[in-house]
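Please take these sequences and the hints and turn them into a complete structure.
Here are the chains, one letter per residue:
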Amino acid sequence: MATIRGENSSIYFSFVLAFALTLVPSSWGWAMWMPQWVFITSMFWAIYFPHKHGVGWAWFVGLWLDVVVGYPLGVNAFAMAISVALAIFIGPRFRIYSVWLQTWMVFVLAAVCQLLTFWAKNIYSLPNSGLESLWAALTSALVWPLIYAYLRVVARIFHLI
Amino acid sequence: MKPLFLKGPSLFARALVFGLIALFLVVADYRMGWTAPLRAAMSSIVGPLYRVVDAPAALGDWWDHTVVSRDELVRTNESLRNEVLVLRTMSQRLAVLEAENAQLRELLNSSAQVRGRLQVAELIAISPDPDYHTVVINRGSEDGVYLGQAVLDASGLMGQVVEVQTSFSRAILISDASHAIPVEVNRNGVRSVLRGLGRLDTLELLHVPATTDIQVGDILVSSGLGQRFPRGYPVATVTSVSTDPGRPFSTIAAAPTAELNRSRYVLLLFATPSVLQSEVGNGDD
Chain V
-14 MATIRGENSS IYFSFVLAFA LTLVPSSWGW AMWMPQWVFI TSMFWAIYFP
36 HKHGVGWAWF VGLWLDVVVG YPLGVNAFAM AISVALAIFI GPRFRIYSVW
86 LQTWMVFVLA AVCQLLTFWA KNIYSLPNSG LESLWAALTS ALVWPLIYAY
136 LRVVARIFHL I
Chain Z
3 MKPLFLKGPS LFARALVFGL IALFLVVADY RMGWTAPLRA AMSSIVGPLY
53 RVVDAPAALG DWWDHTVVSR DELVRTNESL RNEVLVLRTM SQRLAVLEAE
103 NAQLRELLNS SAQVRGRLQV AELIAISPDP DYHTVVINRG SEDGVYLGQA
153 VLDASGLMGQ VVEVQTSFSR AILISDASHA IPVEVNRNGV RSVLRGLGRL
203 DTLELLHVPA TTDIQVGDIL VSSGLGQRFP RGYPVATVTS VSTDPGRPFS
253 TIAAAPTAEL NRSRYVLLLF ATPSVLQSEV GNGDD
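Note that the protein sequences, when read in sequence, are chains V and Z.
Its first residue numbered -14, the first sequence is counted upward by one per residue in this note's numbering.
Its first residue numbered 3, the second sequence is counted upward by one per residue in this note's numbering.
Please keep in mind that the hints were generated in silico from the structure rather than gathered at the bench.
It should be emphasised that the depicted structure is a prediction, and the values quoted were computed from it without experimental measurement.
Do not take every clue at face value.
Footprint (simulated), chain V over chain Z, 3 or more residues, beta carbon under 8 Å [to be verified]:
id : segment
1  : 17 to 28
2  : 34 to 41
3  : 46 to 58
4  : 125 to 139
Note that beta-carbon positions come from the ideal geometry of N, C-alpha and C, so glycine has one too.
Right, here's the structure in full:
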């Protein structure tokens, strides 16, 4: 397979964009509805390219998310590592699902990620709004078809597929 | 070639190991504060990202400033000039009062209050987590920002600095659910603690006995106890007082006076520890 120099740069680029989207200013009323951009990006790469983006990378990306959001280091790393491991586990089946079934699965995975974050924050009694955080999982699922289409294009441009 | 099978330890063994490392990190960071150098190193890269994401808003600001009609400028100028005039007159009176206050304090053998220096800072990001009321401002340790520094806007106290990096710092707002600030009622000096609830428009006064004299409309100012915030800055206005005879404490809600989700420009208050100390020393007189 032809490899070009910027093979991994597509992954880096997509994450920078995901972090930027995470930081797009919104009022706190809307923040509840913000999709988990970083998680779905990580999930996409983990499901379609598990040899490029595994549990370790998800953990590392989660650590960056902690720095960006200002959490204690490790909260998101914990949630991302485990939920992305789950994503890799169901990956072979996920890849053959229809987009609608995928959307539903993304909701489940994003919810798992949110609940793990919730749990990690709860151990150290950080403020939490509980089940309201599931709205973000819902919007994450709703933007999945778009993310999927966009990342497929990115992957194709950089000859990953 | 893509490998057909993932090599190395099994998927969930790896997830477990990474998960445990992460949980250890949380303890190391949150309880021990061991990871400050790591966070500082990563933050130096994150800093520019905040600015890039903020660029459109900054550009919008610049556009608003640049493309203004002459009439509008004249009008604003005029109203600002009037405002300056009024404020100057008021501050003349303030100077006299301050001198008098210092004199009286001298008579009472207590040190004079010193006003801190203010620096304007710009908000460059807000926390994407609705449970976490923190904002990122564009001043860091290179501008002399320090941990625990009070952040204000034109109408009241906003919060305090909780993380300082080289080029930016993070401040927690008084509305955050993990934040509480010692306050007193401006009218009669009743002291209490004002706690955030994770909602931008409501704060709660803690442990106020049912018989305490607090009314709707009372202004709560920082009391300076706790030695974090300087004394006398407005924090919130009481919006509701409900007393249930069956409960030992009344439920008192207050609305922050600062515009927590509107202010783009905030003020950093530089108060030396000695200033805070002296104010606290006189807090209960």
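These are the hints, each one checked on the structure:
1. For a cut-off of 8 Å, the count of residues in the segment 17 to 28 of chain Z with a CB near a CB of chain V stands at 9, and the three-residue condition holds.
2. With a cut-off of 8 Å between beta carbons, the segment 34 to 41 of chain Z has 3 residues touching chain V; three or more are needed, and the interface restraint holds.
3. By the rule of at least three residues with a Cβ nearer than 8 Å to a Cβ of chain V, the coverage given for the segment 46 to 58 of chain Z holds, with 6 such residues.
4. Requiring three or more residues with a Cβ within less than 8 Å of a Cβ of chain V, the coverage given for the segment 125 to 139 of chain Z holds, as 11 such residues are present.
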